[in-house]
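Chain by chain, the residues:
2 protein chains.
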Amino acid sequence: MAQGQVTTEANDGLTTRQRRNRPILLVHSGTGKGKSTAAFGLALRAWSQGWPIGVFQFVKSAKWRIGEQTALEALGRLHEETGEGGPVEWHKMGSGWSWSRKAGTEEDHAADAREGWEEIKRRFAAETHGLYVLDEFTYVMKWGWVDVDEVVEVLRTRPGTQHVVITGRDPDPRIVEIADVVTEMTKVKHPFDTGQKGQKGIEW
Amino acid sequence: MAQGQVTTEANDGLTTRQRRNRPILLVHSGTGKGKSTAAFGLALRAWSQGWPIGVFQFVKSAKWRIGEQTALEALGRLHEETGEGGPVEWHKMGSGWSWSRKAGTEEDHAADAREGWEEIKRRFAAETHGLYVLDEFTYVMKWGWVDVDEVVEVLRTRPGTQHVVITGRDPDPRIVEIADVVTEMTKVKHPFDTGQKGQKGIEW
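Those protein sequences? They're chains A and B, same order as listed. Start counting at 1 in the first sequence, then tack on 19, and there's your number in my numbering. Start counting at 1 in the second sequence, then tack on 19, and there's your number in my numbering.
Honestly, I wouldn't trust all of these hints.
Stated by the list, open to error - Where chain B lies over chain A, by a calculated footprint (3+ residues, C-beta under 8 Å):
#1 50-57
#2 61-72
#3 91-101
#4 194-203
To be verified - Result set (DSS-like, lysine-lysine): computed pairs, CA atoms no more than 30 Å apart in a straight line:
#5 A:Lys140 to B:Lys140
#6 A:Lys161 to B:Lys208
#7 A:Lys208 to A:Lys161
#8 B:Lys208 to A:Lys208
#9 B:Lys206 to A:Lys140
#10 B:Lys206 to A:Lys161
#11 B:Lys208 to A:Lys140
#12 A:Lys208 to A:Lys140
#13 A:Lys206 to B:Lys208
To be verified - So these bits of chain A aren't anywhere near chain B, every CB distance computed over 10 Å:
#14 His47
#15 Glu87
#16 Glu134
#17 Glu138
#18 Trp164
#19 Val171
Hints are computed from structural coordinates only; laboratory data are not their basis. The beta-carbon is built from N, C-alpha and C at its ideal position, and this holds for glycine as well.
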């Protein structure tokens with residue numbers, strides 16, 4: 020349902036216009052499929068609004084290129100060529116972030132993750148993107164690679180209208196607390212349970 | 020996790036290659052956000068595989084144009100111009116399907132829905148698409164506008180490798196039974212609960 024019913028009157032002193040332009044923090048958690056996929060689907064909406072999109076994949080291998088990256092980067096090129104939609108940047112931690120001169124090492128994911136978070140902080144301060152997809156960022160917090168209290172503070176005080184989607188299992192309760200929308204994707208049935216193999220176009 | 024672990028050995032007499040090319044039926048259900056959004060995210064993957072995509076929106080108003088449509092149709096045009104990715108068709112029931120000469124009426128959603136289903140049956144038979152997004156199709160079944168046993172039979176016997184995603188709340192148990200992947204999106208927290216308004220780029 021695209022236009023939901025507001026079931027409660029807000030009591031926050033904001034005008035409707037202000038509420039309609041409030042920066043949103045979304046969390047996609049749970050054990051099921053669709054956490055990242057729904058985040059990339061949201062990026063489609065952001066693109067059509069002309070918002071600059073920044074995707075930051077924290078755990079996936081750098082060798083791994085998923086179909087969503089190919090398609091969203093194609094939309095980014097379309098923006099460059101025609102002005103339609105918005106620009107798209109896609110960064111993967113893997114073995115070193117693309118903005119970094121130094122190659123990361125397989126051994127120090129923690130340092131790579133911290134470097135990614137430092138870059139995101141700089142971008143929040145500069146209001147670089149309209150939508151940030153922090154893919155699998157819950158694990159970075161869970162494993163103690165970044166300080167959750169600092170993440171909460173940075174998210175709470177980010178300037179302007181910068182929307183953020185965090186994906187991954189087991190989000191920290193402090194993140195859930197400050198999130199505007201939290202959706203849990205629950206696996207009801209999955210082909211891997213019956214020995215089905217992952218397949219291209221569906222799994223990646 | 021893009022490459023899942025297979026936890027059970029398959030006992031279906033198929034080779035790995037056959038299993039990797041098996042047509043998949045996915046169901047996105049639940050009361051939370053992300054059912055349709057994740058389906059459109061999946062369409063990004065399908066596009067990058069070069070599969071012809073067919074989106075069929077069964078309930079949304081025809082006047083309503085969501086950002087995902089704008090973005091996926093832009094990818095479809097990119098395919099036409101450069102050959103990259105796959106073609107995209109987006110059809111809305113609203114007040115009459117786009118392939119139909121006659122305008123639908125506000126009063127007869129049931130007839131419009133049946134017409135949509137008849138078209139989808141023809142496309143399955145012709146193997147028109149690699150991915151079908153049947154958005155909010157669970158309601159069409161729930162409200163008795165199409166015969167669920169017929170839908171099950173058509174889905175079970177569809178030829179070739181045609182993947183299907185059905186979205187919506189309360190999927191019929193017979194559909195869940197034949198589905199390969201069922202994910203339930205559960206609302207943990209939603210801004211409408213606290214009087215937040217829907218906003219462009221996030222809700223549509």
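| query | Given the hinted pair lysine 208 of chain B and lysine 140 of chain A, is their alpha-carbon gap at most 30 Å? | reply | holds (25 Å)
| query | Does glutamate 87 of chain A sit more than 10 Å from chain B, CB to CB? | reply | violated (5 Å)
| said: Against the 30 Å threshold, does the CA-CA distance of lysine 206 of chain A and lysine 208 of chain B hold or violate the hint? | reply: holds (19 Å)
| Is the straight-line distance between the alpha-carbon of lysine 208 of chain A and that of lysine 140 of chain A 30 Å or less? | Not satisfied, since the Cα-Cα distance of roughly 38 Å exceeds 30 Å.
| request: Please settle this one: glutamate 138 of chain A was flagged as non-interface, so is its CB more than 10 Å from every CB on chain B? | output: Non-interface label stands for glutamate 138 of chain A: nearest chain B Cβ at 23 Å, farther than 10 Å.
| Given the hinted pair lysine 140 of chain A and lysine 140 of chain B, is their alpha-carbon gap at most 30 Å? | violated (50 Å)
| request: Mind taking a look at whether chain B covers the segment 61-72 of chain A? Criterion is 3 or more residues with CB to CB distance under 8 Å. | output: As far as the segment 61-72 of chain A goes, the hint holds, because 8 residues have Cβ atoms under 8 Å from chain B.
| task | Confirm or reject the coverage of the segment 194-203 of chain A by chain B under the rule of 3 or more residues with a beta carbon closer than 8 Å to the chain's beta carbons. | result | holds (count 7)
| message | What's the verdict on lysine 208 of chain B and lysine 208 of chain A, does the C-alpha distance respect the 30 Å limit or exceed it? | response | holds (24 Å)
| request: Please work out if lysine 208 of chain A and lysine 161 of chain A have their alpha carbons no farther apart than 30 Å. | output: holds (26 Å)
| request: State whether the coverage of the segment 91-101 of chain A by chain B holds or is violated, taking the criterion as 3 or more residues with Cβ-Cβ distances under 8 Å. | output: holds (count 4)
| query | Is it correct that the beta-carbon of valine 171 of chain A has no partner in chain B closer than or equal to 10 Å? | reply | The claim holds: valine 171 of chain A sits with its nearest Cβ about 15 Å from chain B, beyond 10 Å.
The structure shown violates the earlier hints numbered 5, 12, 14, 15.
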